[in-house]
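Peer 1: Residue numbers (the working numbering), protein chains in the order written: chain A, 2 to 1006; chain B, 34 to 516.
If you are wondering where the hints come from, they were derived from the structure by calculation, not from laboratory data.
Wrong hints could be hidden among the right ones.
[What the hints assert, rightly or not] Calculated lysine-lysine pairs in the DSBU-like style (CA-CA distance at most 30 Å, straight line): (1) A:Lys848 x A:Lys589; (2) A:Lys681 x B:Lys346; (3) A:Lys848 x A:Lys439; (4) A:Lys471 x A:Lys163; (5) A:Lys471 x A:Lys501; (6) B:Lys346 x A:Lys848; (7) A:Lys481 x A:Lys439; (8) A:Lys848 x B:Lys93; (9) A:Lys439 x A:Lys424; (10) A:Lys424 x A:Lys414; (11) A:Lys747 x A:Lys764; (12) B:Lys142 x A:Lys589; (13) A:Lys747 x A:Lys163; (14) A:Lys414 x B:Lys142; (15) A:Lys471 x A:Lys481.
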Amino acid sequence: MANRKISNWNLLVTLLIGSFSASLSLAQQTPGLQFNRDIRPILSAHCYQCHGPDEEHGQAGLRLDTETGIHEVFGETDLDQNTAWQRLQSKDPDEQMPPPTVHSRISREEIDRLRRWIGQGAPFEEHWSFRLPIASPPPSVNQTDWVRNPIDRFVLAKLESKGWRPGQTASRQQLIRRLTLDLTGLPPTPSEIDSFLADQQPGAYQRLVDRLLQSPHLGERLAVPWLDAARYADTNGFSIDDHRDMWLWREWVIDAFNQNMPYDQFLTEQLAGDLLEGATDRQRLATGFLRNSMNTHEGGTLPEEYRVIYLADKVDTVATVFLGLTVRCAQCHDHKYDPISQQDYYRFYAFFDTAHEPGSGAENGNTEPTLRMDGPLTSPDLFRQDIQQRIDTLRQYLVHPPELVEARSAWEKTATGNEALQKALSTEVPARDEDDWKAINQAFAATSRLWNRHVANIEREIGFLQRDLKAGQSSVMVMKEQGPRQTYVLTRGQYDLPDKSQPVQANAPAMLPKLQFQPPEPAQKQAEPVDPWQGAKWIWNDARAASVPQDNRPKYFRHRFQLAERPGSAVLRVTADNRCTTYLNGQKLGNQQPWMTPARYEITPHLVDGENVIAVEAVNAGGPAGLLASLVIDNQVQQMTDGEWFVSDQPTDDWTQVDFDNERWERAVELGPANMAPWKMAHRPSVPAVQNQPSRLDLARWLVDERNPLTARVAVNRYWQMLFGQGLVRTPNDFGAQGTFPTHPKLLDWLAIEFRQQDWNVKQLLKTIVMSATYRQSAAASPDRFREDPQNEWLGRASRFRLPAEFIRDGAMAIAGTLDPRVGGPSVYPRQPHGLWREISHFGYTKPFSAQAFYPSDPTGQSRRSLYTFWKRTSPPPSMIAFDAPTREVCSVERSRTNTPLQALVLLNDPQYVQAARELARRTIDEGGASIEQRAAYLFRLATSRQPDQAEREILVQRYRSIYQQFCQDPVAARDLARDQDAELAAWTAIASIVLNLDEVITRE
Amino acid sequence: MEPQLEYDRAITRRQLFNQARNGVGAAALASLLGSSASASSAQGEAPGLPDVPHFPPRAKRAIYLFQSGGPSHLDLFDYKPTLADQHGQPLPESVRGTQRVTGMTAGQKAFLTNAPIRPFQQQGQSGRWISDLLPHTAKIVDQIAILKAVNTEAINHDPGITFINTGSQQIGQPSLGAWLSYGLGSENENLPGYMVLISQGTGKNPGQPIFSRLWSSGYLPSRHQGVRLRTGANPVLHLTNPPGIDRSTRRQQLDDLAALNARHFSRTNDPEIETRIAQYEMAYRMQTSVPDLTDLSDEPAHILEMYGPDVRKPGSYAANCLLARRMIERGVRFVQLFHRGWDQHVSLVEHLTNQCRDTDQASAALVTDLQQRGLLDDTLVVWGGEFGRTTYSQGGLNAGRDHHGRCFSMWMAGGGIRPGIEHGVTDDYGYNVLSDGVHIRDLNATILHQLGIDHRRLTFRFQGLDQKLTGVEPARVVNEILT
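My request is simple: use the sequences and hints to build the entire structure.
Peer 2: So, in structure tokens, the structure goes:
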């Protein structure tokens, strides 16, 4: 009955659509009401907090998100008889809904909408985004000659219903600029513009689109929002925030876009590449997406607390990025607005709970599990060259730490000292040799608190790079299953309060289509070893260690062993009272503390045929001391701590390496068996293996299944957002009840269905959109149009919006002709003001951590595209943050777009932009022709992709003349600005700076 | 629709355009832009939300002296004679209970009570007990309210400092200052509404790291993030013109830039261009307003003396305290100092003494200075860190103390706070709250309240939720400490 009623009602709505008034929002101007568009948002905003999906905290057992509940409450069409309506109207605080205590005021307009809806019998619809997209034929329109593809019919039908005509078509010059910016993130070059303008054959626009879709810069452009969504960064994020190596994953993303990997594959490999049959390294690399979570090694960390935090971040990210759902609320209680229960949350969480994810690690690099491999875009040779180049740069900084060079020059003017120093100081800077600098630095170091700290810091940075150089490949963090684990609902989301009465199995949220899962044939159950501590002894360097307080100096332990072949599985367990750091064959595995929870390392990939070595640095902090370790290979305890191990107080450089000669060390002393007092370490058999449950791979397949209503809609909405400045759904992170209703629901569904039918072809989707007449409109419009539709909801013009941070900087370098077009590679360090990292970091610690102070790249790293800029999460690149880049600490699918004075300061004064202006000036003089007029026009066109009009050119020409005069009279100023060049270059630099600051230059229109 | 977002977008344009009206180029600008510019003009300061303040505020501005690392409440404010009696004795199990401790002492076999490292005396008319480590704070004890039972669930720095500054241990929330900027807007059109100053103490050096997320805007529009004021020629990043460009050349550049932008505006009609022109004018004004702020040469000697010798060292805590006062005078809404080095796991005696010496005089001087200028009445001052420290020693007696979130001390002054009181009681070991506990959510609710904001009503729709600084758990304003 109810269904029929709804479909009749829908029909009615379709018939009624027609007359609109200009200045009201969508909801206000449609005479027929749609529950999802017009009513649900009111109920969600004002009622669901108490009468929504969260039944446990619900009031009066009422749910206004279900058909039954709606009928019960609002079904009575006679308003006088309708209790709910009466309570909405009531002024009595005890009666009034919503109650005054919840601070939720329903507007008069919303009340009126509810009144009309009740009058119509309070029809209900399931939430729009939880239903499958509906294929609607593109509507018929009047102005058929404007239509280029089906998108235009959906858009135009709406415009015509409002009585509006679409905007004019943009000029070809505007189109090539827009397309090139949208698809590559770079402005077109003059010759690209010329050849497009010269192409008068039919199909020129399509040829342009096809060319851009093949550009290697397309992948970079598409990667930028994906890096935000995937919270990509080059540091670990929490606490010390030292570096990590994830750039290989960034290369994977760029390459996947450039290869036009279908979106379903793109999704599947990132969520579960490691679980694919015969997974390749590349597919495992893709799962770095999930490992982009922040992590920590702060001293007092309780690892399980943080393991749960990392998993919750994965849940959040996957739900936001692929489903457009906000599930975070359900970590602690049932969702208030969407039908996602706390059980649903932990079912989703269970997909990730079985993965190996150490709660504490992240020290000076990656946390296991990791992979070393060649980059998808960077050859091994190039990689070694990049690392070597960075090492060479840092070595120079050992002599000339960038932050202190200026202070040193100032100090030199008054410095006096011994003969060597006097000689060095009297030598001209270019002529100084190594000894001169040594003398100078030694004397200067005594006056500078920072000098020795920088030197120690840089030396450590070089050490970390040498590790990579030696390996010949970069490391990257990837996903790996650890084995079954029973997941429980965590009471109020607390990591240490699993609710044992609520075990859950991995599954999709119950309100969405079922996840199909066939348990595999019963596999051979991996037998757990009887007892991993069998035969293992607590050891130390001193027999009294178990009873008498020990000194707090670190002790170093080593144990070498032979393997005939690489084993199928190898698990190393280590614990020390109080704490330890473990290495295998020179590679750090991680830190461990407190002693009650031994570290467990899956070391299979790190073992080699022949000699291997376990090396442990253990520290005691008062009271008894001891170290306990065991290595279980193919389910047998094969190596364990005992008197065969070596120990020393003194580490030498290579003590973690296999070939280190440990005969100079002592044999360790056995204190007693694992279960000895005070530790009483006993084997606790792990919980019985849970039944086979769906894996991340099943999750990925469910996401791209044709019955999933969200995945395709969420994806196409994001691409629409990229090309129009905002999505058809304005809340790309929320397709639930609290999100916004699509401005063009049928278009969204059409695009989603099309995307799927074209086998998730991303380039094809982009092409379809940019080929539309809707996309090709001009961004200019009358002031009335801007007033009536400030957010461009009706799409009666092209959107005009400031470029993302990265493309503003890339654009300036491209215009200046200095941009290095190389695609891929390790992150680089374009200059930023000195001290920004150091002032907030752990810089100065006796054993420095990585990424604590900023050291700029050499010139080759100064002009790379901005997506390669090293991203430190606790202090992100300032010129990116100024233009609204997110911090990359958590998933972000939308940037705010602000307009601030700090942005003006960056574009006017940041040395990067001053440099760009200078180079642009040089280019103008070299290439722009002989006359000032020609040069002004040339410069202007490089930046804006168009010729200046007469007035614009005149402004620049006049200013050039006057500033040139000023610089002629003030040659010092000219030299300052033009770096020892003449007034001409200085004056053009000043003009170039004006042009680079134009709104038009940093805006896509 | 995201009404808040829409509103914010609209307001950004309007408010910022207005600020151009005093700029040198503003007159020319208005004529360039014609009627549209004046149509979008309205008088008034950069506004916050239309319904904020929700009620008459007791404070117009606030200074938060954040002591990063976890100052030891037991050695500074929370006087417990029992500790001296029980020095070296195990902390009774009944006191310690089963609550979690950090991984640094979880494995410790003994939890020995550690006496305060210096004696306490009763101070002021109010007779509050203050450690000898804080002789200057002792002198303002009648001006401040000491909260002794503040508490947090966090036991480590990163979650702790994130919690108290952003209202949540989960990453991605806006900071307190960003919420204030979002709600209240800015009072000064030439300076940001929320400014941040950082210093490092001589206690533990380096102190625990801090993060830009502590002053970030989270999901609020990013213009609400705190603006750091640094030392040197560019107190605000890239404030200074490049070498070779003087102020008059810059003015000429900006005039042309405005003219060219205005010309493009006349073609597209996009009001965002008007905003951009206005922002360049504000940047130009900041180039004088910020140096004027940081130039201490107009401060009389007796004021400099009051803040102590460090005040002459740029970037020191003392210098930052004085700058905070100068910002407040210029209408900056919220100034937050982050001072590092309070993490005394080791060298408790030496390092804590150093930390106190670095901060005590300037903190007290700031309160006195504000009071002498009549600014304390409507300026809220808050002093405190992310947690306190343990009753028991870490790594041997007097060697250090571990983190302790169950109870710790903070103080507040001015802006409608009752002076000379203390609030909250801890047990004889300073380990558990006995009565009047103040959760850091309550603290944040109280700070907002003093600035005229109902913490339940200052919301922003993100991820489907009307997000608040105080989150979803209940929070209460600590009325007992208000005048």
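Peer 1: Hints first: check each against the structure and report whether it holds.
Peer 2: So, going through the hints one by one against the coordinates:
In summary, the hint linking Lys848 (chain A) to Lys589 (chain A) is supported, as the alpha carbons are separated by about 15 Å, within the 30 Å threshold. Among the hinted pairs, Lys681 (chain A) with Lys346 (chain B) is inconsistent with the structure: their alpha-carbon atoms are about 55 Å apart, more than 30 Å. Straight-line distance between C-alpha atoms of Lys848 (chain A) and Lys439 (chain A) comes to about 23 Å, which keeps the hinted pair within the 30 Å bound. Straight-line distance between C-alpha atoms of Lys471 (chain A) and Lys163 (chain A) comes to about 67 Å, which puts the hinted pair past the 30 Å bound.
Of the pairs offered as hints, the one joining Lys471 (chain A) and Lys501 (chain A) is violated, with about 48 Å between alpha carbons and a cut-off of 30 Å exceeded. For a cut-off of 30 Å, the pair hint linking Lys346 (chain B) to Lys848 (chain A) stands: about 28 Å separates their Cα positions. Annotation: proposed proximity of Lys481 (chain A) to Lys439 (chain A) is violated, straight-line Cα distance about 49 Å (limit 30 Å). Using a Cα cut-off of 30 Å, the hinted pair Lys848 (chain A) and Lys93 (chain B) is violated, with the two alpha carbons roughly 45 Å apart.
Our distance criterion of 30 Å between C-alpha atoms is met by Lys439 (chain A) and Lys424 (chain A), whose separation comes to about 12 Å. Under the criterion of a C-alpha separation no larger than 30 Å, the hint pairing Lys424 (chain A) with Lys414 (chain A) is consistent with the structure, at around 14 Å. At most 30 Å may separate the alpha-carbon atoms for a hinted pair to count; Lys747 (chain A) and Lys764 (chain A) meet this at roughly 22 Å. Pair hint Lys142 (chain B) plus Lys589 (chain A) holds up; C-alpha atoms about 29 Å apart against a cutoff of 30 Å.
For the suggested pair Lys747 (chain A) and Lys163 (chain A), the alpha carbons sit about 17 Å apart, so the restraint of at most 30 Å is met. Distance check on the hinted pair: Lys414 (chain A) and Lys142 (chain B) sit about 58 Å apart at the alpha-carbon level, beyond 30 Å; violated. Pair hint Lys471 (chain A) plus Lys481 (chain A) holds up; C-alpha atoms about 25 Å apart against a cutoff of 30 Å.
The structure fails hints 2, 4, 5, 7, 8, 14 (numbered hints given earlier, in ascending order).
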